[in-house]
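Spelled out, the chains give:
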Amino acid sequence: MDAFFHQVIAGLATGGIYASLALALVMIYQATHLINFAQGEMAMFATYIAWTLVEAGMPYWAAFFLTVAFAFVFGVVIERIVIRPVENAPVLAVVVVFIALLVILNSVTGWIYTYTIKTFPSPFPAEPIFGKYLTSHQGGAIAVTLVVLLLLFAFFRYTPLGLAMRAAAQNPESSRLVGIRVGWMLALGWGLASAIGAVAGVMVAPIVYLDPNMMGGVLLYAFAAALVGGVDSPGGAVFGGFLVGVLENVLGAFVIGNELKLAVALVLIIGVLVVRPSGFFGKVLVTRV
Amino acid sequence: MALLEISSLHASYGLTRVLHGISFGMEEGTITTLLGANGAGKTTTLRALCAMVRTEGEIRFGGQRIDGRATEDIVRLGVAHVPDGRGTFVNLTTEENLRLGAYTRKDKGAVEEDLARVYGYFPRLKERREQQAGTLSGGEQQMLAVSRALMLRPKLMLLDEPSFGLAPLIVGELFGILRAVNAKERVSMLVVEQNAAMALDLADHAYLIETGRVVLSGTADEIKRNDAVRRSYLGY
Ligand SMILES: Nc1ncnc2c1ncn2[C@@H]1O[C@H](COP(=O)(O)OP(=O)(O)OP(=O)(O)O)[C@@H](O)[C@H]1O
Ligand SMILES: [Mg+2]
Chain A
199 MDAFFHQVIA GLATGGIYAS LALALVMIYQ ATHLINFAQG EMAMFATYIA
249 WTLVEAGMPY WAAFFLTVAF AFVFGVVIER IVIRPVENAP VLAVVVVFIA
299 LLVILNSVTG WIYTYTIKTF PSPFPAEPIF GKYLTSHQGG AIAVTLVVLL
349 LLFAFFRYTP LGLAMRAAAQ NPESSRLVGI RVGWMLALGW GLASAIGAVA
399 GVMVAPIVYL DPNMMGGVLL YAFAAALVGG VDSPGGAVFG GFLVGVLENV
449 LGAFVIGNEL KLAVALVLII GVLVVRPSGF FGKVLVTRV
Chain B
21 MALLEISSLH ASYGLTRVLH GISFGMEEGT ITTLLGANGA GKTTTLRALC
71 AMVRTEGEIR FGGQRIDGRA TEDIVRLGVA HVPDGRGTFV NLTTEENLRL
121 GAYTRKDKGA VEEDLARVYG YFPRLKERRE QQAGTLSGGE QQMLAVSRAL
171 MLRPKLMLLD EPSFGLAPLI VGELFGILRA VNAKERVSML VVEQNAAMAL
221 DLADHAYLIE TGRVVLSGTA DEIKRNDAVR RSYLGY
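Protein sequence lines, in the order shown, are assigned to chains A and B.
To convert, count from 1 in the first sequence and add 198; that's my numbering.
To convert, count from 1 in the second sequence and add 20; that's my numbering.
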């Protein structure tokens with residue numbers, strides 16, 4: 199029982215990270231109806247920036263916030279320069295652009311930093327909190343995730359800019375008619391998604407270690423999370439993230455073993471697509487005509 | 021000075037040309053109506069004014085050229101469009117829809133007053149303020165579209181069939197409200213309306229459009245007395 203409890207809590211810690219990345223995917227999906235396959239590599243690249251800053255002697259939290267700011271700008275720039283030109287292109291063309299972005303980021307990072315695995319520092323103390331159940335890094339990652347999720351929720355729910363971003367994602371034409379600069383809202387969305395991804399990357403790096411392929415598995419879990427929750431539902435993505443994290447850990451520890459953990463994500467993805475394509479919280483749009 | 025001057029406006033959807041050189045104008049503070057059969061190009065004319073279709077020709081608003089500018093910049097000059105089909109943000113609440121109408125305004129205090137004011141005009145909307153706007157009835161969404169436009173405190177309102185789907189009693193009320201807003205706040209209005217009789221009662225001026233051209237213009241009273249208009253649009 200104890201071991202089970204331990205796995206559940208560990209699952210919540212990684213689940214929070216999947217939830218963040220899934221949320222980033224959902225944000226882009228809501229605005230563009232496309233899944234950004236490069237979301238994980240963007241997060242990985244930002245994590246390397248954080249590592250560089252810390253190695254250069256910058257205090258951890260300063261490096262953290264600078265990295266998040268960098269990731270935000272990076273997301274905006276990518277939208278403006280890479281995505282904007284293919285805005286009206288066929289879906290397949292855009293998917294190719296996403297995959298190109300993924301490959302380019304991966305190889306550029308490998309070229310700059312090499313593919314050698316590096317350790318990444320955790321800002322949280324080494325001794326466990328809450329007795330044996332939770333390492334401080336796990337506890338800290340959960341806390342950071344929750345803060346990010348709350349901030350995002352408050353931003354979208356209570357600020358005029360957040361409202362405008364939701365409006366632009368849902369109804370671009372009506373948004374223009376109330377004066378919203380829809381193109382910039384999209385770019386902002388990319389910036390936010392990229393910033394969230396950076397937080398996820400920095401939080402997961404002490405666990406999976408830093409290397410250019412570190413986000414491959416994480417992104418797969420995030421896909422699964424987004425699909426389980428319903429790819430157009432931010433709340434669903436968060437729920438899905440925690441669920442996938444717990445399932446991965448519990449099944450990995452007691453049922454299928456660690457080697458097959460990634461299969462959990464794949465089974466979930468296929469299972470959801472076959473059984474319930476709109477996910478648990480996917481919207482059945484309520485509209486009148 | 022003329023608030024709006026349109027000269028030889030052409031508009032097309034893809035390769036299909038729909039407006040063939042429309043010219044008309046309207047004075048500040050007035051209400052003008054565009055009449056015409058289905059497919060004449062009324063909606064397209066309103067869309068052309070806010071750069072929602074590709075156009076050629078000249079559009080001046082308050083003396084400035086606005087053709088070629090982006091929709092969101094034209095809105096910032098004070099042009100509010102109640103679009104054909106209502107343009108509801110279906111997943112947002114009624115109140116969020118209204119707040120979006122005031123998105124470009126800086127005077128946040130006055131926005132709260134205006135919110136109270138449109139709720140005064142349409143108490144229905146106040147009752148439904150937290151409801152998802154996509155679940156409002158068609159008539160309620162029409163009230164919402166007009167209210168959203170009012171939230172801009174516009175100089176010019178473009179109204180595309182504002183009475184569409186409204187019960188006769190509510191249409192009367194809506195037109196009363198439009199008249200009051202026009203009189204009290206000197207908001208100019210360009211109205212497209214199926215109900216030609218009501219539109220001509222509301223308006224000062226009228227233009228008749230046929231297949232993308234203005235074929236008749238005059239004061240509302242003159243147009244009302246025109247035989248052809250009476251036969252085709254007023255039905256007596
Ligand atoms: N998106 C579009 N693509 C192609 N043609 C269009 C499009 N929208 C309108 N048209 C055509 O343009 C012409 C004018 O349409 P418009 O909607 O301006 O007419 P209207 O005067 O508003 O008619 P109604 O009274 O029925 O609303 C019509 O012949 C219509 O078929
Ligand atoms: Mg029309």
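Hints were generated in silico from the structure; no laboratory data involved.
Where is the CB? At the ideal position from N, CA and C, for every residue including glycine.
Treat the hints loosely; a few may be bogus.
Partial list, derived from the structure: chain B residues whose beta carbon lies under 7 Å from chain A [unchecked claim]: (1) 58; (2) 111; (3) 113; (4) 120; (5) 121; (6) 124; (7) 126; (8) 127; (9) 141.
The hint names residue 113(B) as touching chain A; please verify it with the least Cβ-Cβ distance against 7 Å. Since the shortest Cβ distance to chain A is 10 Å, the answer is violated.
How about residue 121(B): closest beta carbon in chain A under 7 Å, or not? Holds - the Cβ of residue 121(B) comes within 7 Å of chain A, reaching about 6 Å at its closest.
Just to be careful: measuring from the Cβ of residue 127(B) to every Cβ in chain A, is the smallest value less than 7 Å? Status violated, d = 13 Å.
When the nearest CB of chain A is found for residue 111(B), is that gap smaller than 7 Å? Interface hint status for residue 111(B): holds (5 Å vs cutoff 7 Å).
Restraint check, 7 Å cut-off on beta carbons, for residue 126(B) near chain A: 11 Å, violated
Identify whether the interface hint at residue 120(B) stands, where standing means a beta carbon of chain A within less than 7 Å of its own. 5 Å, holds
Using 7 Å as the Cβ threshold, decide whether residue 58(B) counts as touching chain A. 19 Å, violated
Is the hint on residue 141(B) kept, meaning its closest Cβ partner in chain A is under 7 Å away? 19 Å, violated
Residue hint residue 124(B), partner chain A, criterion CB-CB below 7 Å: Nearest chain A Cβ about 4 Å off; hint holds.
In summary, the numbered hints that this structure violates are 1, 3, 7, 8 and 9.
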